[in-house]
Amino acid sequence: MRKLGQINETIKTRPSNVITTTTTTTTVTQDPVPPRSLNTHLQLGESHLPYAEEDILEITDPNNKIFNKPAPPPDPNGPPLRKILFWNDAYSIKHFYFGYGREPFLRAKCPVNTCYTTSNRSLFPLNEIDAVVWHWRSQDRSFPKKRYGQVYRRRHPLPDQYRNYAQGKTKMAAWFVSNCQTEGGRERVVQMLRRWIQVDQYGGCGTLKCSRKQANNCETMLSNDYKFYLSFENSLCKDYVTEKLFSKLRIDVLPVVYGFGNYSMLAPPHSYIDALSFPNVKALADYLLYLHHNDTAYNQYFAWKRFHVIPTDWARISRAFCQMCERLHKDNSTHIYDMQKWFVVDSDCITKSDRKLKSFNGK
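If you're matching positions, the sequence shown starts at 1 in the working numbering and goes up one per residue.
Simulated from the structure, these hints should not be mistaken for laboratory data.
Positions of the beta carbon are idealized from the N, C-alpha and C atoms, including for glycine.
Misleading hints may appear alongside valid ones.
What the hints assert, rightly or not - Each computed BS3-like pair below joins lysine-lysine, with the alpha-carbon atoms no more than 30 Å apart:
1. Lys330 x Lys171
2. Lys94 x Lys341
3. Lys213 x Lys94
4. Lys94 x Lys330
5. Lys169 x Lys330
6. Lys341 x Lys330
Stated by the list, open to error - Distance ranges between label pairs, derived from CB positions:
7. Gly204 x Lys171: 19 to 27 Å
8. Thr296 x Thr334: 51 to 59 Å
9. Lys356 x Asn216: 20 to 28 Å
10. Asp274 x Lys341: 21 to 29 Å
11. Leu126 x Ile197: 23 to 31 Å
12. Pro79 x Arg163: 46 to 54 Å
13. Cys349 x Arg195: 40 to 48 Å
14. Pro79 x Leu208: 49 to 57 Å
15. Asn294 x Met265: 25 to 33 Å
16. Thr296 x His329: 47 to 55 Å
17. His335 x Asn361: 40 to 48 Å
18. Leu289 x Ser359: 19 to 27 Å
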């Protein structure tokens, strides 16, 4: 066992020579019977897979209904078969949204496709495993000892050419949240925003509900009814950006971000509102009210959709695994990364007691 991949809960972006991590989340049983298969999603042109705390949908790939198919023998004249073990699961998804066996590599048309994925720790002797992928938030924390790698994604569908994105929307802002008390103090910001604008709160910390199993319906509701979505991070750390931004860029709602990520590098230009760019919450609320009453200014935040396309989830995930497969064949060197230092020590997190946040919150 020589390499270890990691999928984390966040998107942490650094220069190209540094690991980038992300997560997705959903619920599924070992033998699910979902309302739609993954292939159905792809055939319908849907650009996302379910993830995180906000929109969860059960899925499976009909090509991978057989759990851990026997490994096909490698071509004796070709490269050896590289074996990738999913050590635990990504929020109950054992195949990490990619799939089992060689099929997903072939379906993704990887330049190097002689790799095989499995979540069965007994399928191959551990000393024959070439890469191990693990999820740090999984309930199964029996991590292997060697660590390496990353999987990364972003998303967006093909855009409409011209339209009024404010038309028909009667509500101001929505927030889906299940973590009610955070170090970054986002709940305090929302509490203050409510003094001036309507904020509808869904999930475990609010009074409104939208089932996680009806993710598409929730997104449709947000697109049709709300002008803004509060994409507020629970932690304020350098380079910490999660799906709370990217999921909402995919639909027709304007994200208001609250975090310390480099949003200008990650997101299309003029596609979001950075809450911390305002001197205080009142100034932010005033600007949201201005956009609420000015369709022209509001629509400028969607102009990027005429020129920019963010690849689908499947494209992002498959690209990462294609790169992993290729590296397993070509890269025989050993790399050791201090994940604790990169992910924790160098994150430069601040808490709600920080002077800047107190000023922003009006304390």
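Review point. Does 40 to 48 Å hold as the CB distance between histidine 335 and asparagine 361, or does it fail?
Key: Given a distance of about 42 Å, which is inside 40 to 48 Å, the answer is holds.
Check your understanding: Does the Cβ distance between proline 79 and leucine 208 fall inside 49 to 57 Å?
Key -> holds, 53 Å
Practice item. For the pair we were handed, lysine 341 and lysine 330, check the Cα-Cα distance against 30 Å. Key: holds, 28 Å
Check your understanding: Regarding leucine 126 and isoleucine 197, is the given constraint of 23 to 31 Å on their beta-carbon distance met?
Key -> violated, 55 Å
Check your understanding: Is the straight-line distance between the alpha-carbon of lysine 94 and that of lysine 330 30 Å or less?
Key -> holds, 27 Å
Check your understanding: Is the Cα-Cα distance between lysine 330 and lysine 171 30 Å or less?
Key -> violated, 53 Å
Check your understanding: Would you say the C-beta atoms of lysine 356 and asparagine 216 sit inside 20 to 28 Å of each other?
Key -> violated, 38 Å
Review point. Is the gap between the beta carbons of leucine 289 and serine 359 within 19 to 27 Å?
Key: Holds, since leucine 289 and serine 359 (Cβ atoms, about 21 Å apart) stay within the stated range.
Check your understanding: How does the Cβ-Cβ distance of asparagine 294 and methionine 265 compare with 25 to 33 Å: does it lie in that range?
Key -> holds, 28 Å
Point to revise | Cβ separation of threonine 296 and threonine 334, checked against the hinted range 51 to 59 Å | key: Holds, since threonine 296 and threonine 334 (Cβ atoms, about 56 Å apart) stay within the stated range.
Review point. Quick one: are aspartate 274 and lysine 341 within 21 to 29 Å, going by C-beta?
Key: holds, 28 Å
Point to revise | Beta-carbon spacing of glycine 204 to lysine 171 - inside the hinted bounds 19 to 27 Å or not | key: holds, 21 Å
Checked against the numbered hints above, the structure violates hints 1, 5, 9, 11, 13; every other hint is satisfied.
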